[in-house]
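Visitor: Which chain is which? The protein sequence lines are Z and S, in order. Residue 257 is where the first sequence starts when you use this note's numbering, and the numbers rise one by one after that. Residue 1066 is where the second sequence starts when you use this note's numbering, and the numbers rise one by one after that.
For the record, the hints were derived by calculation from the structure and aren't laboratory data.
Here are the computed distance ranges between Cβ atoms for each label pair: (1) Z:A388 with S:L1070: 39 to 45 Å; (2) Z:H450 with S:G1335: 35 to 41 Å; (3) S:A1205 with Z:S343: 30 to 36 Å; (4) Z:E325 with S:L1331: 46 to 52 Å; (5) Z:E325 with S:P1194: 49 to 55 Å; (6) S:L1306 with Z:N386: 41 to 47 Å; (7) S:W1128 with Z:Q329: 42 to 48 Å; (8) Z:K258 with S:G1335: 51 to 57 Å; (9) S:P1194 with Z:K321: 54 to 60 Å; (10) S:N1146 with Z:K442: 35 to 41 Å; (11) S:L1331 with Z:N386: 16 to 22 Å; (12) Z:N390 with S:L1070: 42 to 48 Å.
From a predicted model like this one, the values you see are computed outputs, not experimental measurements. C-beta: ideal position from N, C-alpha, C; glycine also.
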Amino acid sequence: MKVLDVHELCVQFSGHYILHDITCGVDEGEFLAVVGPNGAGKTTFLKAILGLVKPASGTLLVHGKTPEEMDPQWLGYVPQVKTLDRSFPALAIELVVSGIRRGWPGKIKARERETALKALEAVDAAGLANRALNSLSGGELQRVYLACSTVRKPRLLVMDEPATGIDIVAQKTLYQILDDYRKDNKLTVVMVTHDWGVAHHHATEVLVINREMIAFGLPNDVLTNEVLARAYGHAGHSMTNGLE
Amino acid sequence: MFDILTYPFMQYAMIAGVLVGFLASYYGVFVVQRGLSFLGDGLAHAAFGGVALGILLSVQPLWFAVPFTVIVAAGITWVRNRTHLGSDTVIGIFFALSMALGVVFLYLKTGYSVDAFNYLFGSILAVTPTDIVVIAIVVAVTLMTIPLWGRWSYATFDREMGMVDRLPVIADDYLISVLIAVTVVVSVKVVGIVLVAAFLVIPAATGRLAARTFASMTWYSIAIGILTALIGLLASFRLNLPSGATIVLTQGLVFVTAMLLTQIALTKRGKRVEAAPTPSEPIP
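Put together the whole structure using the sequences plus the hints.
Guide: Structure below.
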């Protein structure tokens, strides 16, 4: 059974198709990158997986269950760091424990602390445990979010543009950590990104969309000039420079 | 000094002050962190509409103020969730409509109303045993919702993460709004419509200055809410000043002190960092 199985998925808002006829599937341990121009419906696709928007037609199944039916613990979600409310008083370890509890912790139990510290250690962030969230850099924060979403041992990790707002060095560290973690734990990842280079180097499958499905398959097959020109609507200079 | 506590009216005021101080400062942490500081003002003015209707019909104003304010709170939450309008805009609309209704109701009531004045500015002498019972019921309900603190706080931190985790975020929005509305209405007798919003905002904001975690912010806020209510009430009696205003001024004093102390601590920490040699510099 596929971890994520999407068949002819359509999403509508106010009578307009935001997503039309998307079909793709991801097996355990695979890394799906979803790419497309701004307004292509990438975030809507992610929200459909998260159960935040309902499909107008078609199916979207995670381990054979619809988002409404599945156990929320199956999903790990890493939002964009820019969405963090920096006025909220919180320590990094509290965010990770919230991933275990599905609620904000008051007093942290010894066992929860131990589990949370292990999750932080796995993403090379054990030293950040007692730091205030609002004092962390974008890269540090992204690793803490990653620990928060992996601490519950999800079946599917969903990431929304994880590189937004973090510098290039932190991005490389994050993707390296993510690759190692995914391989060690056979974690399945779906990531929305506008960075074709990242999709090419880290993903095992790529879905290119622009309101409708442009292509789905292996990075080398999908990230071609022809496909990207179709997605981005013009065929000028080589769009895959540096990828091949 | 404490001989005044032998007066029954002062005992009622102190009990009411402590209970209201607890309620407002507990919900205040959600108000402040959800960016709803204006909600307290909006609901207080909605309460004015309800109070005025009670006065017009010569019925105990609280019986009208509670449902009136709850309906307005639910209305604000409904419009906020259904439109793209900002919270401040939605609250501003309901605020003005309730106030306008209140003015019309009072105008229709012939003769001068002392009651309206008491509700606008709060009156310590006006607190009755019935008021205390009503406030105590709200406190009991609040204590029953304490297990929901973690869920509410999680959605306060990140609403979308709460929704992804299938928490009843929207139902909780309504519940919190309604509980805040009831808190505002029962606090009005002690603090007055004009100043009740400060009860929701100042203790929580002061707690935020001192706290590193949301749990400690909640505790600090409750402690500040209760203590300032007690100190403010005693001071208002001693100095013969209006109770609500004196409590709010006490809260303001605590806030300014906390602000100064935090700034001093930050400056000291900054100096320590400056004074510490960087690893590349030779250490003498």
